[in-house]
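Chains as they are written, first to last, in our numbering: chain A, 1 to 405; chain B, 1 to 352.
Calculated directly from the structure, the hints in this document are not laboratory data. It is possible that part of the hints are untrue.
[Said to hold, decoys possible] Some chain A residues judged to face chain B by a derived CB distance under 7 angstroms, without partners named:
no. : residue
1   : S45
2   : A47
3   : P48
4   : T52
5   : T53
6   : A56
7   : A60
8   : R100
9   : A320
10  : E343
The structure presented is a predicted model; accordingly, all values stated were derived computationally and were not measured. Ideal Cβ positions, reconstructed from N, Cα and C, are used throughout, including at glycine.
Residues per chain, in single letters:
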Amino acid sequence: MVALTVTLRRRLVLGLGAIIAVVAACVLVSGANGVPPIAARGYPSYAPADPTTVIAQVPARDPREVAQRRMLRAAPDRADLAVSLARAEIQRSRALSDPRYLGRAQATLARWWNLEAPPPDVLLLRATIRQSLHDFLTARADLDRLIAVRPDDAQAHLTRAVVSTIMADYTTARADCARVAALADPLIASTCVAQIDGITGHAGQASQQLARALEQSTADPSLRGWALTALAELSIVRGDFAAATSQFRQVVDLDPEDAYARAGLADVLMWTKHPAEASALLAGRESVDNLLVRRAIAEYAAAGPDAAKWTRAMRDRIAAAAERGDRIHLREEARFTLEVLGEARRALAIALDDWAVQKELADARLVAAAAVAAGDLNAARPVRAWMQANAVEDVQLAKLLGGAR
Amino acid sequence: MKFAILAVLLVSRVAAAHKPSDAHLQIVVADDRLSGSLAVAIRDLDGALELDFDGSGQITWAEAHAAGPRIAAYAAERLAITGDGSPCSITFGAPALVDFSDGAYWTLPITGTCPSPPEMLAVTYELLFDIDAQHRGIVQIRSAGTSKTAVARDASPIIVQLEPSSAGTFFRRGFGRVTHSLEQLVFLACLVLPIVLRPKRRESAREVVCGTATLFGAFALANATMLLVSAAGLVQVPAILVEIAIALSVVAVAVMNLARVLEARWDLAFELGLLHGLGFAIWLHDLGVPAHRLAPVLGFGAGVVVAQAAVVAVLVAGLFVLRRTVGYQVLLWAGSATAVGAGAIWALLRCL
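Generate the whole structure from the sequences, applying the supplied hints.
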């Protein structure tokens, strides 16, 4: 037997092992050890040595809001207070591109949130919040109800025009823009219509009209920024990337915090083969998803040093959203999957899911690009049908799908 | 034109969003003991508790630390865990910060005790919902046989049926650990590949069986010993080092196959067995092993050894049949070479 040839050294090792095992068993039985707490998801925890270290930035407290909150606590039925506070939160969510403040606005309106027919002011804010959370159907229903009771509410008409445009209901959107024209600043009305014309094959004419309206307008900078952004998007539709670049640049110079215009500018830079410039434009602003996804794509396209880092960050963000059960960033996810991960089939599936929710030009282009990359032009049928039904003319879509017909 | 400003701000664009407000709660159940952690974004805590004392817009570590007791009280008030219907006690340990992708989170270690080992755990999470309707609590509950992640959207309890942490459960986990780990399978294969070669070419089944028994016996004994020792907390080695070393052990054995080092194989098996035992202990710890019971550890160890024995028996039987064919030589060389590559890649991936 081989076992009988065991040397003394081996016997010792085995003996020692057995003794140690018995000791270990005794310790286990006596329960001398405890289970150390696990670290949070593998991220290292730390405590700053310097007490003055700033660990978070929050919006500075507005004394007027603090006073209003106190009054609302004393009289929780006062919708006027809740509406004013919720409006401030929504504006904050826009200014900081942080959806957390939308949730705070919703919580402020909690008392009225689930009512069938809340006060009109609450209806408007509820629709705005729902629209921002990509819940377009219920937002639309709220706006229909609001307009039924307050037909002269310009804000309601404008919001419904935007929601209807996203849902590809251009008839309603046009009617709402016409109402806005009668009720509000002419530049708002021009921008409202131009966005629809840009989709439905009248981009050239819409561009001229909007440019003229901008020239004549004395509106404040934020409104001008909005109109200029719409103008830049019309330039993209026409394929005039040089004009789009300069128009987006004006908006970004006007308001460096405008994440939407910055994202648009980055897109145009990437389409005109300046990915390094696009990446530099987005550096330091990656906390906003729309900018993070473009930063990852631009770094990847430019073969920049941070490509891997931002790819990982974007993956993390998608995983976090999935964990939460959200699917409101389908557009970003599809783009990332197509342009960085290079998984055309999966990108196409995500882009089609996105198309089912929102139908803007960017969504259509994404479906088309993914379908072409996946070699499955048939999958772009819904987009083609939409193009035919609405006489859509877009230089990029035409290049991808060979025109509407 | 106050109206116009509002119009644009409210309507213009569909959200260009940050990561929304999430908190992370992890609970590990081991018998009647609870452990885990709660991580909440500093920005969210500021909304609920006004951490930013001077209203400056900047929260310093000193400000947050001063609010520590208030935060713990807030969490204690809004977090409840029951086991089979009766409340479990929870206490929060010393706070620390953890940086998630969207900023710093206040992280509290949790320990607790339930009246008896729960079969059904109910977690009621109601932090922050009153100030942020889009807040979500991402709750992960783990025990020996269970790992479940659920999202708390409101104050309704999250209920998880726990698999009992009996020796049987742990036996299955140990068995699965071996059969579902490519690394383990490759290692065992490399270990037994030359068994039909030594000392000369083994002819009789008896010799092969005895050789295998010695080799595997040494490995399994070392494995089980180290598992016990490490589970008892007598030895502590950083997990990452062990994982890298295990990947390298695959390389080592495979290289010895290629170099035809056929002597003293079971000494080597014993030493590597110690290493692998350490690896199993780390995995068992991550599973949430009851701290003060021998049975689960023995169950797990038995599962591991039985699975290994089964794998080895199948492999050796196959090798015995093939031992005189060209197929065996191909298997020995190509298999070992592949294992060198695979082990090196595993080690490299873990270093990153």
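Structure versus earlier hints, numbers of those that do not hold, lowest first = Going through the list in order, the structure violates hint 10 alone and respects the others.
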